[in-house]
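Trainee: Sequence:
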Amino acid sequence: MNVIDATHEGNKARFINHNCQPNCFAKTIISGGVKRIVIYALIDINRGSELTYDYSFPEEDIKIPCHCGTNKCRIYLN
1 MNVIDATHEG NKARFINHNC QPNCFAKTII SGGVKRIVIY ALIDINRGSE
51 LTYDYSFPEE DIKIPCHCGT NKCRIYLN
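Under full-length UniProt numbering, the first residue of the sequence shown is numbered 1, with each subsequent residue one higher.
None of these hints come from the bench; they were simulated from the model. Among the hints, erroneous ones may be present.
[Unchecked claim] Label pairs and their computed distance ranges (CB to CB):
1) Lys12 - Lys35: 23 to 31 angstroms
2) Lys72 - Val34: 31 to 39 angstroms
3) Ala13 - Pro65: 19 to 27 angstroms
4) Thr7 - Pro58: 16 to 24 angstroms
5) Tyr76 - Thr7: 14 to 22 angstroms
6) Leu51 - Ile29: 25 to 33 angstroms
7) Gly69 - Asn46: 12 to 20 angstroms
8) Ile45 - Asn71: 29 to 37 angstroms
9) Gly10 - Tyr40: 14 to 22 angstroms
10) Gly69 - Ile29: 27 to 35 angstroms
11) Ala41 - Gly69: 19 to 27 angstroms
12) Asn11 - Ser49: 33 to 41 angstroms
13) Gly33 - Glu59: 19 to 27 angstroms
Here a beta-carbon is modelled for each residue, glycine too, at the ideal position from N, C-alpha and C.
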């Protein structure tokens, strides 16, 4: 599993939030021998719309609440 942690620094991807019904997905690729995380659109996204993807955190005893508000919300991120 890859994690984007922009607690202290990062690029524009740090603004992509979780959603249980996302409009994007993340994929790990190798480009020029370097591992990169690429964001792809799942649907046509209008300019100015929020970009979201499913964080897909592994299950843990301590649950992280989800606040996406969609009708397919799983209640927790993990």
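Trainee: Now tell me, hint by hint, if it's right for this structure.
Mentor: Hint check results:
1. Taken as a hint, the range 23 to 31 angstroms is violated for the pair Lys12 and Lys35, whose Cβ atoms sit roughly 19 angstroms apart.
2. Here the CB-CB span from Lys72 to Val34 is close to 34 angstroms, well matched to the stated 31 to 39 angstroms.
3. For Ala13 paired with Pro65, a C-beta distance near 23 angstroms keeps the hint of 19 to 27 angstroms intact.
4. Thr7 and Pro58 have their C-beta atoms about 19 angstroms apart, which keeps the hinted 16 to 24 angstroms range intact.
5. Checking the proposed 14 to 22 angstroms range against Tyr76 and Thr7 shows it holds: the Cβ atoms sit about 21 angstroms from each other.
6. For the pair Leu51 and Ile29, the supplied restraint of 25 to 33 angstroms is violated, since their beta-carbon distance comes to about 18 angstroms.
7. Between Gly69 and Asn46 the C-beta distance comes to about 19 angstroms, which sits within the given range of 12 to 20 angstroms.
8. As the Cβ distance of Ile45 to Asn71 is approximately 19 angstroms, the hint placing it in 29 to 37 angstroms is violated.
9. One distance hint, 14 to 22 angstroms for the beta-carbon pair Gly10 and Tyr40, holds here, with the actual separation near 19 angstroms.
10. Between Gly69 and Ile29 the C-beta distance comes to about 31 angstroms, which sits within the given range of 27 to 35 angstroms.
11. At about 21 angstroms, the CB distance of Ala41 to Gly69 agrees with the hint of 19 to 27 angstroms.
12. Separated by about 19 angstroms at the C-beta atoms, Asn11 and Ser49 break the suggested range of 33 to 41 angstroms.
13. In this structure the hint that Gly33 and Glu59 lie 19 to 27 angstroms apart at CB is violated, the actual value being about 33 angstroms.
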